[in-house]
Amino acid sequence: MRRMLRLHRIFVAQYMKNLMEYKVDFLTGAISFLLGQAVQILFLGIIFSQIPDLVGWDFNEILFIYGFSLIPKGLDHLFFDNLWSVGYFIVRKGDFDKYLTRPINSLFYVIAEKFCVDAFGELAIGLILITYSVIQLKLTITWYMIPLFIISVVFATLIYTAIKIATSAISFWTKASGHITHMFYMTNDFSKYPTTIYNKFVKNIITYVIPFAFTAYYPASFFLTGENPLFCIGGTVLASTILFAVSVLIWNRGIKAYESAGS
Amino acid sequence: MKFKKFIRTYKPFTRAGMLESVQYRANFFCFLIGEIMSCFIMFFVWKAVFLSSDSETFMGFTMEDMVVYLFITFLTGYLTYSDGTYAIAMEIRDGSIAMRMIKPCSFDMCFLFQELGNKIINVLFIFAPLVLGVEAYRWAITGECQFQIQHFLLYVISLVLAYLISFYFNVSYGFMAFYLKNLWGADILKEVIINFLSGATIPLAFMPEILADVLGFLPFSSLSYTPVMIYMGMYSGMEILSRILMQIFWLCFMVVLSKIIWNHAVKRLCSQEG
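Residue numbers (my numbering), protein chains in the order written: chain A, 1 to 263; chain B, 1 to 274.
Some clues are possibly wrong.
[Unchecked claim] List of simulated lysine-lysine pairs, DSBU-like, C-alpha gap at most 35 Å:
(1) K47(B) with K93(A)
(2) K114(A) with K98(A)
(3) K203(A) with K190(B)
The hints are simulated quantities; they were obtained by calculation from the structure and are not laboratory data. Keep in mind the model is a prediction, meaning the values are calculated, not measured.
Make a model of the complete structure from these sequences and hints.
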C-alpha cells in the first residue's frame, strides 16, 4: 500500500509536468467548465422564477442535490479518469501490454497514471453549491452528519468508478468500448434531479440497474430531511460495494481474455 | 464540365466519410443513446415543472412546445455539428496538414465533403425517427396532426444553412490551432459559449428581452434557434424571410473569415512533426 502511494505521487508529478506544457489550454478548459455550470444554474434559476417548488423541493434544496452530485463525480474524475482511455484507444492501439509487463497491479497502474486536475472545477462548484444551500436552508448540522457525508461521498464515487471499470474492461474482448462507457456514464445526469420526477421505469433503472440515483439524490435527500437513513446511506454503501466487486471481477476476467492488438 | 470535375474530385471524400460512419455504427448508436438520454432528462424535468406550475404555459411555451423544442434542438445540434475544429487542430498538431496542402484539391472542400458523407448516414438513421417521434407525440397530445409541410421544408433549408455556417465557423476556429498549437481547452470553451448563445441550452425567449434581441443578431442564433423556431411555426412569413437572409449573411461572413485566417496562417505554418 505504501509503495502504491509513493508510486501514485510520482505518477501525479509526471502528469502535472505534461499538463503545464499546455497551460493556456488547461486554463481555458477550466474556465469553460465553470461557465457551463453557471449556465446550468442560471437555467434552474429561470425555472424557479416561475414555480415555487419542483415536486416538493425548493430552489435551495435542488441546488443542494445538484451540488452533491458534483462531488463524487469530481472525485472520480480526479483519480480515475484514465479508465476512459482504456476503452477509447489504449487497448485498440495495443498499448495495454505496457500495463501488464510492469510489476504492479494493472488496474492500479491504469488508474494511477493520470491525475485529472480539471476535476477541481467540479469539486469547487459542488462545495460552493452545498455550502450556499446549507446556509440558505439553515440546516442544522449534527455531529454524525459529517462521517455519514464522507462515507456516502466515498461510496458514491466508487459507483462511478465501478461503472467505468466494468465498461472499459469490455474492450479486452472487443478492442474498443469507449462509447459503451460513454453511454452508461451519461446516465449520471439523471441523478442531478429528484428521482420522483421520473416515471417508474427510469426510476427503477437508476436505482437498481445503474444505481446513479445513489450518487446524489438518495444520500442528499437524507441530509436534507433526515428520513430513511437505512435506504439512503445504507443503500449507497451496498449498491457501491456490489457494483465495485462485480466490476473488478469483470476486469480480471478481461485481463485473462486479453490478446494484444499491437504490432 | 467544371461542375462534373468538381463532383468527381470530391465524391471519394464523401464515400470515405460514409464508410467511416458505417464502420463504427455500434459506437455511433451507443453515443447517440447517451446523448439522447439528456433530452429525456429534460423532458422529465419539464413535465415536473408543468405539474408544479399553476399555469398551462411556461413563459409562452406549452408542454408540447417544450418537447418539440427539446428534441428538434437536439436534432438540429446533432446535424449541424461539425468536427472541423478538432480535425484541423489534430492535423496541425501532428503536422499532417502539410500533406493536405500539397494535394490538388481545396482544403476546406475536402473536409466538407468528408463530413457530408457522415451527415448522410446520420440523416438516414436519426432524422426520420426523431421527426416522426416528435410529430406522433404532438398528435397524441393535441389530438390532431400538427405537422406542416411548408414549415418543415423551410426548416430543412434553414438547417442546411445552419450546418454550413457551423462548418465554416469551426474551420476558422480550428485554424486558431496554428497560433495556439493545442485546442482542447479552447474547443470546450467554444462548445459551452455556442450552446448558450445559440439558445440550445436555454431558449432565447426565456432570456431578458434586450439580451434575446442582441443574441438574435449574432451568428450563433442562426446555428440552432432560427431553424428550430421555424420548425415550430413560431415565426411569421416575413420573420422567416429575414431570419434566413440573416443566415445567408452570416454564412458569407464565415466563408470570408475562414479564407482570411487561412491565408494569414499558412504564412506562419510551422509543422510540429512529420
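Does K93(A) sit within 35 Å of K47(B), going by the straight-line distance between their CA atoms? Not satisfied, since the Cα-Cα distance of roughly 45 Å exceeds 35 Å.
Quickly compare the C-alpha distance for K114(A) and K98(A) to 35 Å and report which way the hint goes. Within the cut-off at roughly 15 Å; holds.
Restraint check for K203(A) with K190(B), where alpha carbons must lie at most 35 Å apart: 34 Å, holds
The earlier numbered hint that this structure contradicts is number 1, and it is the only one.
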